[in-house]
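These protein sequence lines map, in sequence, to chains F and P. Each residue of the first sequence is one higher than the one before, starting from 1 at the first, in my numbering. Each residue of the second sequence is one higher than the one before, starting from 1001 at the first, in my numbering.
Hint data in this document are derived by calculation from the structure and do not stem from the laboratory. Please note that a few of the clues may not be correct.
Listed next, the stretches of chain P that the computed footprint assigns to chain F, with coverage defined by at least 3 CB atoms under 8 Å from CB atoms of chain F [stated by the list, open to error]:
{"no.": "1", "stretch": "1325-1336"}
{"no.": "2", "stretch": "1364-1373"}
{"no.": "3", "stretch": "1418-1425"}
{"no.": "4", "stretch": "1428-1434"}
{"no.": "5", "stretch": "1445-1456"}
Under the rule of at most 30 Å between Cα atoms (straight-line distance), these lysine-lysine pairs were calculated in the DSS-like manner [said to hold, decoys possible]:
{"no.": "6", "chain 1": "F", "residue 1": "K37", "chain 2": "P", "residue 2": "K1454"}
{"no.": "7", "chain 1": "F", "residue 1": "K477", "chain 2": "F", "residue 2": "K388"}
{"no.": "8", "chain 1": "P", "residue 1": "K1449", "chain 2": "F", "residue 2": "K592"}
{"no.": "9", "chain 1": "F", "residue 1": "K617", "chain 2": "P", "residue 2": "K1162"}
Computed Cβ-Cβ distance ranges for the label pairs, DEER-style [unchecked claim]:
{"no.": "10", "chain 1": "F", "residue 1": "W586", "chain 2": "P", "residue 2": "I1045", "range": "53 to 59 Å"}
{"no.": "11", "chain 1": "F", "residue 1": "M64", "chain 2": "P", "residue 2": "V1006", "range": "56 to 62 Å"}
{"no.": "12", "chain 1": "F", "residue 1": "W586", "chain 2": "P", "residue 2": "D1458", "range": "36 to 42 Å"}
Quick reminder that beta carbons are idealized off the backbone N, C-alpha and C, glycines included.
Read off the chains here:
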Amino acid sequence: MQEVLTQETLSTVELLAIPVLPLIGAMVVGLFGWFLKERLSHWITCTLVIASTVLSIHVFIQVMGGASFHGNFWTWIISGDLDIPIGMMIDRLTTVMMMTVTIVSACVHIYTIGYMHGDPGYSRFFSYISAFTFSMLVLVMGNSFFTLFFGWEAVGLFSYLLIGFWYQRETATVAAMKAFIVNRVGDFGFAVGILAVWYYFGTVEYSKVFAAVPALVESGVSLSFLSWDVSAITFICLALFVGAMGKSGQVPLHVWLPDSMEGPTPISALIHAATMVTAGVFMVARLSPMFEYSEVALAAVVLVGATTAWMCATIGLVQNDIKRVIAYSTCSQLGYMFVACGVSAYSAGIFHLMTHAYFKALLFLAAGSVIHAVMAEQDIRKMGQLRKYMPVTYVTMFLAALALSGIPPFAGFFSKDLIIEATAVREMGWVSDVAYYAVISGVFMTAFYTFRMFFLTFHNSDRVPAETKAHLHESPKVITIPLIILAVGAVLSGWIGVTYLEMGELGAYFDGSIFVLDQHNPLMKLQVLEHDHGQSHFWLENGPLILALSGIGVAFLMYFRETKYPAMIANTLPRLHTFLLNKWYWDELYEKAIIRPTRHLGTWFWQKGDLGMIDGKLIHTGIVDSIKEAAARLRAVQTGMVYHYAYAMVIGVFGFLTYLMLNA
Amino acid sequence: MELHNVLGFPILTLSIFLPLAGALVIWLFIKNEQVVRWSALLVSIVTFIVTVPLATHFDTSTSKMQFGEFHAWIETFNINYNLGVDGISMPFIILTSLLTIVCIVSAWQCIQKRVKEYMVAFLILETTLIGVFAALDSMLFYFFWEAMLIPMYLIIGIWGGKNRVYATIKFFLYTLAGSVLMLIALLAMYFKSGGTFSILAYMDFPFDFQWQYWIWIAFFIAFAVKVPMWPVHTWLPDAHTEAPTAGSVILAGILLKMGAYGFLRFSLPICPDASQYFVPFMVGLSLVAIIYISLVAMMQTDMKRLIAYSSIAHMGFVTLGTFMFTQPAVEGAIINMISHGFVAAALFLCVGVMYDRLHTREIADYGGVVNVMPVFAAVMMLFSIANVALPGTSSFVGEIMVLIGTFAADPSQLSVSAKWIAVAAALSVILSACYTLWMYKRVIMGDIKHDAVKTMKDMSVREFSYFVPLIVLVLWMGFYPLPVLDVMHESVAHLIEQATSSKLEAAAALAGMAHEVAVH
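This is chain F alone, in the form it adopts within the complex:
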């Protein structure tokens, strides 16, 4: 069992400062942005986020040296035996996340200075991204399901606000709402999971819950609904995982993520690539002591991840919007991370999360640099030969593309390779087999769509409209410097992770913060294979690289120069092409199967239920009319003839007397 760390060797003030500094920036700039103007707005927020980054790195180094922190700061709710404290739990998993979040956030803050320059919502934008950084840090640093949920909802809120940042655009506001509501579907699961956690464990603090998991599993408690029986731990894990699916854009809740590209590009990099969308992966890794005890939940994680990884890759093959290609790639790569978690290689998942954060943020920011240069055009069919105009963007994006495709020695190679190998050796019956084929074929597609996008943008023929051409230029330094910083991460983070942080086949870096049952551990198995020199594992070790290279090769043949192959293939398989171009018709499916029926139901309840039945039949024709009728009859009784009244009185007196006698 994982040991519960309680010694407080880290400075509380320092830890609190890490999330609070960006929050202060957000509040100051949010409230006084009208007064601070552009310059002060970005100086305040950037300085505070960079300070937070420095502190995070400092904490990271301390934790690497063995320090940790676990403590509560204040009590939020007490009611009966319900007791919810708010606190932090800092260990190696947390610090990796903190560092990734703050570094990417700092880069994005600086980049934004150039990208959003002159936008009327300039300081509002800085306020939002700083507030987002605060929320994300709360999410990863918290010590209970409630801090996790608080951060979870807060990042969702800022994601919503930022997607709809350009509120005049109808598409942006629709995308923002869609993102929020689809996320709420996930949050429904998350909320149910929290209810169950509190019910079965009597606490919502990670350490106490984790300590109690084996006992719960042994007790064999289960829930039943109708004739469906499910063990408590499986119920909890599946419910929580629904939340993770929503936040991390996993099928079938992935539909919001590509649409979120309506937001400004810096937030696509920060929120919809590097940080928020990885919260689901972080959640599963953080809760490894729970997921490990539910085979069903692990299988579900693997299947959902593999499906997403494969399906979104196929969609990415044909998209023409530069940001959408990268967005589908993000969905797909998140799928890889979930597969890693599902096969119990959590550390590989977190490793990929980290490397992906750098190279994917870089891809987005580079794409933003391109979009900035070509006057807000996002269609790669209207680009080409841009390398001549923007060399820094070209080189950094090339590095990011190599990293994403998984070419050594770039970051993605190490982490993705590890995931695929772990999937290959983990035995989960058909589940892991399916997952293996999905992720390995995904490698080919990843390399292909990445370089298709890359070649169409920077090589191929020059298709830039003439009026744009006059404005083509490399972006200013505030944009290129963050690209260069992230490029360093995209090149080195994989190698550093393997060499210095034992994130590779040992996965030992996270010992103590991630829990894996010995019989599950695929990384341990890999190590055994590694030492077993007798057998040849050529395909296992080199398969992904071969596929990645061939993906790049095919993309090179088709897109490096203008060729007739793309049109030829699209014409030979028109149905498949339209199917992929229309993203497997998910949006249409939801429109027909869920949105429209729900609206009809709402209207029906309103018109037929409230207005028709209750107001109409029940109240109006039922009660009002019968009162009218009764009144009309009573009027008839008032005949004005004395003997009628006297007769009625006599009957009344008799009736009353009878009643008294019977009761006496």
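With chain F held as given, fit chain P onto it using these hints.
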């Protein structure tokens, strides 16, 4: 009759009659409209200040009634002027005195005809509302309960919209029908219990099951109309749409709480066995409110009607929590009531701000308001996410406590586990986001579609000022709900104990004794 009053002066009487006295003075002596406004504001602020000691001097360690007062009133029928508050009723008195200030400020400019009568009506309404929450004698309670209808009737009927007459009559008939049954129940209890109208005495009196059953039903109809619960809810959207802004604020903020308060004060402790018996019934209606009404809310085209339906859906959480008999659920229900008082009030004020500018409540007439009213858009965003119950807002605290309490409850009367009820109620997580954000998107976001919207000016300082306390309270209760929870812990624990201990044995013993007496 033991009375606890740490303050040594009749603070509750003062809180109740100060607004009434102020109303009389304004009515009789003040003519100038501007002076009327300022003096009404002054009265409401002084009343609020007077109610503050209720919170600061509240003893959180006891479930007993505090700040008690007792005077004989109509001795022939043993009707007494008996006041007192516990942790359940006290917060509502403060909520009332606070929201009255907001109401008066919000009516500053938009009410131009019969200003004096309007302000007087609101102050009288405040008297009756505080009276309801402070009364411990059921006849006194009934007196305030009925008196409350008159100012509300006038507020909708005189200062309301086009269809105000229909809405007023509907509102009046519905609530009156409920009240008549309550009166019958009170009289029945009076005779059965041997001639007392004391609510506390009723709580201790062992009614047998037959009595509890019928009393519970009579109370249910009275309270369900007020909450309102499906299917007696249709008066509310009409009343809200036709009421002036401040009318909607007080209606959503306080009047709706009366029903739920009634369940807590009467149904649960007086008829514990009947309450247990009716759990499945109440759970069913609560879930209908949460799911059915949310769907209806989604399809509304009128902003006020949408918020009215959303109120009904949120009240579903209150009734669900109330009938789960667990500490977190009941406390969550009360937090939800208070929180809804802030959030729904603020949303109605938001609609009021827009209505004052364009004189329409139709969603389709707006769009792109953020372009001309950015500060207003931010304020409305805050209350929209509070309506969605995002963590950090007061509504989240209430809803999550109800859900946790429900999930952990174990009502033996139910054929399905309470866990699945909690899961069904949690659907509100999705539905509330749908109707709230869809409205926000259509009204606030996007480009300006109608020229009229271009003429809208951002909020004035006066308009912003009445949002400030609501913003502070929503966030404060969202992040630091402990002080409010502390106030209610003892009272709620006591209430749950009352609601879960059967009166049937004592009733049987009493009946046995009566039988023996009869035999001798």
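Now the hints, each set against the structure:
1. Three residues within the 8 Å Cβ limit are the bar, and the stretch 1325-1336 of chain P against chain F gives 5, so the coverage statement holds.
2. Here the stretch 1364-1373 of chain P counts 3 residues with a CB under 8 Å from a CB of chain F, which clears the bar of 3, and the coverage holds.
3. Residue count for the stretch 1418-1425 of chain P with a Cβ under 8 Å from a Cβ of chain F: 4. That meets the three needed, and the coverage hint holds.
4. Here's how the stretch 1428-1434 of chain P fares: 4 of its residues keep a CB closer than 8 Å to some CB of chain F, so the rule of at least three is met and the hint holds.
5. For the stretch 1445-1456 of chain P, the assignment as covered by chain F holds, since 3 residues bring a beta-carbon within under 8 Å of that chain's beta-carbons and 3 suffice.
6. Under the criterion of a C-alpha separation no larger than 30 Å, the hint pairing F:K37 with P:K1454 is consistent with the structure, at around 25 Å.
7. Taking the CA atoms of F:K477 and F:K388, the gap is about 18 Å. The hint holds against a cut of 30 Å.
8. Simply put, P:K1449 and F:K592 have alpha-carbon atoms about 28 Å apart, close enough for the 30 Å limit, and the pair holds.
9. Of the pairs offered as hints, the one joining F:K617 and P:K1162 holds, with about 24 Å between alpha carbons and a cut-off of 30 Å not exceeded.
10. Hint check: F:W586 to P:I1045, Cβ distance near 56 Å, so the stated range 53 to 59 Å holds.
11. In this structure the supplied range 56 to 62 Å holds for F:M64 paired with P:V1006, their Cβ-Cβ distance being about 57 Å.
12. Restraint check, F:W586 to P:D1458: a C-beta distance of roughly 40 Å satisfies the suggested window 36 to 42 Å.
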